[in-house]
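Undergrad: Assemble the complex: chain A is given as a structure, and chain B must be docked to it using the hints.
Number of protein chains: 2
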Amino acid sequence: MTTRDGWIDEEYRGIVRTGFRRTKSLFKAKSAFQSVEVVQTAGHGKLLLIDGMTMVSERDEFVYHEMIAHVPLFLHPRPRRVLVIGGGDGGTVREVLRHKSVESCTLVEIDGLVVEASRRFIPSTAGKLSDRRVRVRIEDGVKFARETSERFDVVIIDSTEPFGPAKALFGPAFYKDVKRILTDDGIVVSQAGSPFYEIGTVKNLDRLLRPIFPVVDAYLFTNLTYPGGLWAFAFASKGLRPVKDLRSTRISSAKLPLKWYNSDVHVGAFALPEFLRKALSRRSPAAV
Amino acid sequence: MTTRDGWIDEEYRGIVRTGFRRTKSLFKAKSAFQSVEVVQTAGHGKLLLIDGMTMVSERDEFVYHEMIAHVPLFLHPRPRRVLVIGGGDGGTVREVLRHKSVESCTLVEIDGLVVEASRRFIPSTAGKLSDRRVRVRIEDGVKFARETSERFDVVIIDSTEPFGPAKALFGPAFYKDVKRILTDDGIVVSQAGSPFYEIGTVKNLDRLLRPIFPVVDAYLFTNLTYPGGLWAFAFASKGLRPVKDLRSTRISSAKLPLKWYNSDVHVGAFALPEFLRKALSRRSPAAV
Numbered sequence: 001m002t003t004r005d006g007w008i009d010e011e012y013r014g015i016v017r018t019g020f021r022r023t024k025s026l027f028k029a030k031s032a033f034q035s036v037e038v039v040q041t042a043g044h045g046k047l048l049l050i051d052g053m054t055m056v057s058e059r060d061e062f063v064y065h066e067m068i069a070h071v072p073l074f075l076h077p078r079p080r081r082v083l084v085i086g087g088g089d090g091g092t093v094r095e096v097l098r099h100k101s102v103e104s105c106t107l108v109e110i111d112g113l114v115v116e117a118s119r120r121f122i123p124s125t126a127g128k129l130s131d132r133r134v135r136v137r138i139e140d141g142v143k144f145a146r147e148t149s150e151r152f153d154v155v156i157i158d159s160t161e162p163f164g165p166a167k168a169l170f171g172p173a174f175y176k177d178v179k180r181i182l183t184d185d186g187i188v189v190s191q192a193g194s195p196f197y198e199i200g201t202v203k204n205l206d207r208l209l210r211p212i213f214p215v216v217d218a219y220l221f222t223n224l225t226y227p228g229g230l231w232a233f234a235f236a237s238k239g240l241r242p243v244k245d246l247r248s249t250r251i252s253s254a255k256l257p258l259k260w261y262n263s264d265v266h267v268g269a270f271a272l273p274e275f276l277r278k279a280l281s282r283r284s285p286a287a288v
Numbered sequence: 001m002t003t004r005d006g007w008i009d010e011e012y013r014g015i016v017r018t019g020f021r022r023t024k025s026l027f028k029a030k031s032a033f034q035s036v037e038v039v040q041t042a043g044h045g046k047l048l049l050i051d052g053m054t055m056v057s058e059r060d061e062f063v064y065h066e067m068i069a070h071v072p073l074f075l076h077p078r079p080r081r082v083l084v085i086g087g088g089d090g091g092t093v094r095e096v097l098r099h100k101s102v103e104s105c106t107l108v109e110i111d112g113l114v115v116e117a118s119r120r121f122i123p124s125t126a127g128k129l130s131d132r133r134v135r136v137r138i139e140d141g142v143k144f145a146r147e148t149s150e151r152f153d154v155v156i157i158d159s160t161e162p163f164g165p166a167k168a169l170f171g172p173a174f175y176k177d178v179k180r181i182l183t184d185d186g187i188v189v190s191q192a193g194s195p196f197y198e199i200g201t202v203k204n205l206d207r208l209l210r211p212i213f214p215v216v217d218a219y220l221f222t223n224l225t226y227p228g229g230l231w232a233f234a235f236a237s238k239g240l241r242p243v244k245d246l247r248s249t250r251i252s253s254a255k256l257p258l259k260w261y262n263s264d265v266h267v268g269a270f271a272l273p274e275f276l277r278k279a280l281s282r283r284s285p286a287a288v
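Taken in sequence, the protein lines are chains A and B.
All residue numbers for the first sequence refer to this note's numbering, where the first residue is 1 and numbers rise by one.
All residue numbers for the second sequence refer to this note's numbering, where the first residue is 1 and numbers rise by one.
Treat the hints as calculated values from the structure; they're not laboratory data.
Errors might be hidden in some of the hints.
Since the list can't tell identical chains apart, any single copy or any two copies may satisfy a pair.
[To be verified] Here are the simulated SDA-like pairs of lysine to any residue, each with C-alpha atoms no more than 20 angstroms apart in a straight line:
# : residue 1 : residue 2
1 : K259      : F270
2 : K24       : G14
3 : K167      : G52
4 : K244      : F270
5 : K128      : K278
6 : K278      : L258
7 : K259      : G200
Model, not experiment: these values are computed from the prediction.
Chain A on its own, in the form it takes in the complex (with noise of 0.2 angstroms):
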């Protein structure tokens, strides 16, 4: 990342870059995993970077947070208890609290630094985190999934790369304590990275999964502010169909105020192009 001439860009390996036009710097420190920085866009509102990747953009961050979080909370038929790793800018809990069966939801965000940045910063994202039904643990989430007693409906892994303090989040030990918390119609979704740049990513997380649960896929979502624009999401489950067991009347009768999320959208972000199906060996589409 540099900032020259009021532009803060992204490089991706020296090949691409994305810019912002940045018109105030609001914050920026370093804890003990990583660089943690606010600013103010002339056209993105308020961007979170993490060593100088944005994390959250004001603008479009909907996009991700609505796909993360209610693609398994409106497959699932009851959640009650959700475990949101990672996230610490609260826009994943955001979403996760729109859902009324949802008793408690659980965020272990490892750097502290990143919750208070975005509590005082970005409160469109963060501003729920003080909600009654939040439980804010500031530790490692690996640890977390390895040691806890208890049980989820639904684990969210919002993480950043898988690399630095993220790394073990892409490792098998990590999913099958991931399996081990979560109730018999237990899911977990994670960030799983670009299809276009990062394909290794995608492929790598789809394989680990796969000898752990009995279901495993990947969906897409696409944003304004992550290399390639394109991201995929891993999704894994102990049995839920990812759209073959959505009941698509559980959405529309919750009458939420989305803004990308609906039930073609849950079911169109399955669809894998040609070259993600053949990298990840799934079977070409049924007919329609």
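TA: The following block gives chain B in isolation, referenced to the frame of chain A:
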């Protein structure tokens, strides 16, 4: 567009920019209509730029070209005569020609310089322009549609943005002519702008088409080089419905060597996110 320290940046309204690492300038010239440029990049193959806006990158042009061509051509039961307006790079024509039923494909490009530069420097898209089924006409597509006595099964508007030479391609008079030159099962699809950054373009085209065609819809694709990543195509037909009338066995039996399009992707592309569904005044998704 600015070039500096090896980056070629496309800036959008002073709020965002996307830059590609340029390793070599291959071609730059001005026609009566616009500037045309071809550069070699470090990570995206060759780029074709018109007036500083990226039109084609070799790395991901397959997404745009497969989606603009195969959605109408697999939906139409037997497309024989196809008209492409714009698209001087030849990528759309290349995809059209994969359909064995196609007997002729007419490309009407207003700017001969785009065709010339593409033929010389980007054979991966322009290579099929010399196929015996292709006729290349360097003339105004609006005038061609107004004056031709030919009829087409599918018309593809593969244009630049709605200003400069492409402006009249976003007007009602043009689409009335398109309707006239379409056969009874005829379909037209058009490049329709960015739902995130230029939702007005998507809306205006939709509003313009609805009084003219009995079936009007929009579908989405994602790519690496257009601002925002997510872009739209407009769809209009004389009767064929874009999802319900799809016969996916036509796709599976054609066995085309595609990298993006398949029947799931076809259906999923018409799943409009909530904000776009509302902007286009579409009904809520039906039950799955």
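Undergrad: The structure should be examined with respect to each hint, and the outcome stated for every one.
TA: We went through each hint and held it up to the structure:
1. K259 / F270: Both: 19 angstroms inside a chain and 16 angstroms across chains, each within 20 angstroms.
2. K24 / G14: Answer is between; shortest inter-copy Cα gap is 15 angstroms, intra-copy 26 angstroms.
3. K167 / G52: within (17 angstroms within a copy, 39 angstroms between copies)
4. K244 / F270: For K244 and F270, the Cα distance is within 20 angstroms both inside one copy (11 angstroms) and across copies (19 angstroms).
5. K128 / K278: Cα proximity of K128 and K278: none, with 40 angstroms in one copy and 26 angstroms across.
6. K278 / L258: Answer is between: at 11 angstroms across copies they meet the 20 angstroms cutoff, but 32 angstroms inside does not.
7. K259 / G200: between (30 angstroms within a copy, 17 angstroms between copies)
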